[in-house]
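*Asks:* With these hints in hand, go ahead and build the complete structure from the sequences.
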Amino acid sequence: MARGVDTVKLMVLDGQGGGIGATLIKELRASLGLDLEILALGTNSIATSRMMKAGANRGGSGENAIVHTCHQVDVIIGPISILIANAMIGELTPKMATAVGSSSAIKILIPLTQENIRIVGVSREPLPHLVNQAVNMIGEILQEINQHV
28 MARGVDTVKL
38 MVLDGQGGGI
48 GATLIKELRA
58 SLGLDLEILA
68 LGTNSIATSR
78 MMKAGANRGG
88 SGENAIVHTC
98 HQVDVIIGPI
108 SILIANAMIG
118 ELTPKMATAV
128 GSSSAIKILI
138 PLTQENIRIV
148 GVSREPLPHL
158 VNQAVNMIGE
168 ILQEINQHV
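Residues 28 to 176 in the numbering used here are what the sequence shown lists, from first letter to last.
What the hints contain is simulated information worked out from the structure, not anything from laboratory work.
Since the structure is predicted, the reported quantities are computational estimates derived from the model, not experimental observations.
Cβ coordinates follow ideal geometry from the N, Cα and C atoms, glycine included.
Any given hint could turn out to be false.
Stated by the list, open to error - The calculated lysine-lysine pairs, modelled on DSS-like cross-linking and capped at a C-alpha distance of 27 Å, are:
1. LYS36 x LYS134
2. LYS53 x LYS134
3. LYS134 x LYS80
4. LYS53 x LYS36
5. LYS134 x LYS122
Claimed, not checked - Derived CB-CB ranges, DEER-like:
6. ARG85 x LYS122: 16 to 26 Å
7. GLN141 x GLY89: 12 to 22 Å
8. PRO121 x GLN170: 34 to 44 Å
*Replies:* What follows is the structure, given as structure tokens:
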């Protein structure tokens, strides 16, 4: 991953209505600028469309797009559900979860899920706080990458 900030590929993955992904993309653009290459991957076209409107460079929908793209990006960002087979009322397929989990990309996970999962050591925070933390973490990762260029 020894590349400049302008060539780091960020993949934002979301499903259902794409609200979490759209919020992430909007804040990434506002905080880290327009030079980022952000790929919006949705489990469905509605989620992808909403993330594209929020400022993603390119987008794709469905299982094949997600599985294919997971291995071409440097960072994957989304709710923790992106690692859980059959999450998001079944929209997140086992192949998608496996592709995310097996990707060599850095994964930044928002601890929000509608699944029957509890995560020890994570306090419940509103989405805007979690998004700010994720954006800050991405900023730190980009700085680390740039130091190695």
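*Asks:* Hint by hint, which ones does this structure get wrong, listed from lowest number up?
*Replies:* none
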